[in-house]
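**Student:** Position chain G against the provided structure of chain V, taking the given hints into account.
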Amino acid sequence: MTAPVPEPTLASRAPDVAFIFKKALISAVVALVLFSLMIGIRTEAGPAGQLIYWTRFGDLAAVVAAVFGGSIIVELLRLWWGPVGTIRIVPPQVASTLAVARRAIAPVLLIFTLLVPVIFYDQRYILDLGILVLTYVMLGWGLNVVVGLAGLLDLGYVAFYAVGAYSYALLATNFGLSFWVCLPLAGILAAFWGVLLGFPVLRLRGDYLAIVTLAFGEIIRLVIINWQSLTGGPNGVSGIPRPSFFGIPLTPGDDGLAARLGIEFSPTHRIVFLFYLILALALLTNWVTIRLRRLPIGRAWEALREDEVACRALGINTTTTKLTAFATGAMFGGFAGAFFATRQGFISPESFTFQESALVLAIVVLGGMGSQLGVALAALTMIGGFELFRGLDQYRMLVFGLAMVLLMIWRPRGLIGHRAPTVFLKHSQAISSDLVKEGHG
Amino acid sequence: MSGKSILTVGHLSMRFGGIVAVNDLSFDAERGKITALIGPNGAGKTTVFNCITGFYKPTSGAMRVSHDDGRDIQLERLNDFRISKLAKVARTFQNIRLFPGMTALENLMVAQHNALMRASGLTFLGLIGAPSWRSAEKRAIDLARLWLDRIGLLDRADDAAGNLPYGDQRRLEIARAMCTEPALLCLDEPAAGLNARESAGLSELLLSIRAEQGTSILLIEHDMSVVMEISDHVVVMDYGVKIAEGTPDHIRDDPKVIAAYLGVEDNEVAAVEQELGL
Chain V
1 MTAPVPEPTL ASRAPDVAFI FKKALISAVV ALVLFSLMIG IRTEAGPAGQ
51 LIYWTRFGDL AAVVAAVFGG SIIVELLRLW WGPVGTIRIV PPQVASTLAV
101 ARRAIAPVLL IFTLLVPVIF YDQRYILDLG ILVLTYVMLG WGLNVVVGLA
151 GLLDLGYVAF YAVGAYSYAL LATNFGLSFW VCLPLAGILA AFWGVLLGFP
201 VLRLRGDYLA IVTLAFGEII RLVIINWQSL TGGPNGVSGI PRPSFFGIPL
251 TPGDDGLAAR LGIEFSPTHR IVFLFYLILA LALLTNWVTI RLRRLPIGRA
301 WEALREDEVA CRALGINTTT TKLTAFATGA MFGGFAGAFF ATRQGFISPE
351 SFTFQESALV LAIVVLGGMG SQLGVALAAL TMIGGFELFR GLDQYRMLVF
401 GLAMVLLMIW RPRGLIGHRA PTVFLKHSQA ISSDLVKEGH G
Chain G
442 MSGKSILTVG HLSMRFGGIV AVNDLSFDAE RGKITALIGP NGAGKTTVFN
492 CITGFYKPTS GAMRVSHDDG RDIQLERLND FRISKLAKVA RTFQNIRLFP
542 GMTALENLMV AQHNALMRAS GLTFLGLIGA PSWRSAEKRA IDLARLWLDR
592 IGLLDRADDA AGNLPYGDQR RLEIARAMCT EPALLCLDEP AAGLNARESA
642 GLSELLLSIR AEQGTSILLI EHDMSVVMEI SDHVVVMDYG VKIAEGTPDH
692 IRDDPKVIAA YLGVEDNEVA AVEQELGL
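Line order of the protein sequences matches chains V and G. Note that this note's numbering gives residue 223 to position 223 of the first sequence, counting from 1, and the numbers run on in steps of one. Note that this note's numbering gives residue 483 to position 42 of the second sequence, counting from 1, and the numbers run on in steps of one.
The shape of chain V in the complex, shown without the other chains:
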């Protein structure tokens, strides 16, 4: 499509000295104005309460000089990098290798994930982290149906996570139902609440939709806190039964799985089982979503994201289409919630704050809206990266935030910024994110 770009001539690459100096000078002046009071003058209360101050013009000069020098370096870097463009200077062989590598990412990642409990059997920390990452992968995939495919901005996704968790916790502790009975029930209940949320927000778009979903998430949390007789309020629900291996408990006793298999009991068995359980649930989410995308309902979701008016003109019932998107996303959130409850053994409203909704939404946006692989990579980056910076203590959030900002500048439409068609005649070619709409809410 793009015409071959002529090799940049030397003249066009030569740095424009006057321009760079002008830019650096402007930056330096801005820095001088900004920092003159912040750094240049230091004030303090004296021993008698009077104001004492002294000047630090040396520091100020150093900062301004650093900005001046830094601006020149940035401009030079931009000259060196900018006009050429990284894509065009990559030789074709490398590009094709990269394309193969890109196709191989998903299978390699899946195989590695399957082997994680084998490789890191002795490292409880890694296994726990893996379970956490997979939980967020599943939540991301669930929310991806609503936000990525249907283009409905949902800031209250944690509500369905909470509904799923409390459904399992309450059904298991009050009625003694097993995890495998409660899992579908938790999904159904969450989907039911998804439809309930869907109705009032059908007419809303964009910011208004986001605010109502945000409020919905808070309402669920506040109801859980205040309905003490049912949910235990802020104390939460404790003593939630651990999952069994299809009826066989993972306990050290005689009827436990270890005893039946004739191997020595280890608490790691349960962790490994939980790991594979959430992996299976996440893969189920992925499989169903991929299937749905190729069915009329999935295409209608994407069409809704692209143009709602055109959908109505084609006879698509936008009401039920939106509701099914909410319900499907909520159902997966409910499954993840039930898993969360059985893994923790204890849940309280503190686990279901807005922060969680924001995190899951960030995963979907960072991953590239609508892309399954992107969401998985984003969950790994967000949750894993956050753990990676643990050594930075109080600067962790700062560094993490900066990394996110840089990532979004580099990839404004997410890690995987293109859309794969759901059906093709001759060959499937990815659609550039420039064309794909983000939805209007």
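No lab work stands behind these hints, which were simulated from the structure alone. For each residue, glycine too, the CB sits at the ideal point set by N, CA and C. Keep in mind that the hints are not guaranteed to be accurate.
Stated by the list, open to error - Straight line, CA to CA, 30 angstroms or less: simulated DSBU-like cross-link-like pairs of lysine-lysine: (1) G:Lys579 <-> V:Lys426; (2) G:Lys526 <-> V:Lys437; (3) G:Lys498 <-> G:Lys474.
Said to hold, decoys possible - Now the stretches of chain G that chain V is said to cover, found in silico as 3 or more residues with beta-carbon under 8 angstroms: (4) 519 to 532; (5) 542 to 554; (6) 603 to 617.
**Tutor:** The following block gives chain G in isolation, referenced to the frame of chain V:
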């Protein structure tokens, strides 16, 4: 009462606050014919379209679609998506409304949503990959392929709709509307922005749709070469009222129509015509 008319609009009025966009408009669109709705800018043509296709609720009046099988459907009683689903009235838009991030083929697949939803057993049969669903999907792809072939876009089936040239997007939107298998196709300025060659191609496409599918067509158009060439019946509107109707030849010579387009009083038309050498 399945008469000759597929669409009967009776005493249609649409007010937006104090503005009367359409005032007591009545006209018929005949079955298997091409009816054109023309008029100067701001005459209320698109408002009429939006009323017929359910995007506006008319202030008063009745619109009836009479199907081949004798079913009569009052359009003013249906809302948005049901017009297309039940009354089989499809439309295109003045400013193209394709799904730009989906391929040309996907656009045509979305248009077959209702038929495919039934075939996929409301998704459940499709989810388990039932054979009946697979064959239905194959048929849907074949129908889309047929239409892509007819509009000459078979080679670009897997390209994003937003990447297609403007003229191709116009034709794709018509093909998408046809994939809903409508009885009445409403086109809002299909030739807008097309060059002479593309307009001629469009006329050919519309004539072939009328001939092969037997679909009745109602179109708004400013391109008089298209209107005069393909229309069987022309309705002229100005300031929300019908000022003339008849065959293209009849309309061409109607002093009221000329006055509306040139913006002069009826009694000055002769003078103006003389000036222009008509």
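**Student:** Hint by hint, say whether it matches the structure.
**Tutor:** Verification of the hints:
no.	hint	result
1	G:Lys579 <-> V:Lys426	holds, 14 angstroms
2	G:Lys526 <-> V:Lys437	holds, 25 angstroms
3	G:Lys498 <-> G:Lys474	holds, 26 angstroms
4	519 to 532	holds (count 8)
5	542 to 554	holds (count 10)
6	603 to 617	holds (count 3)
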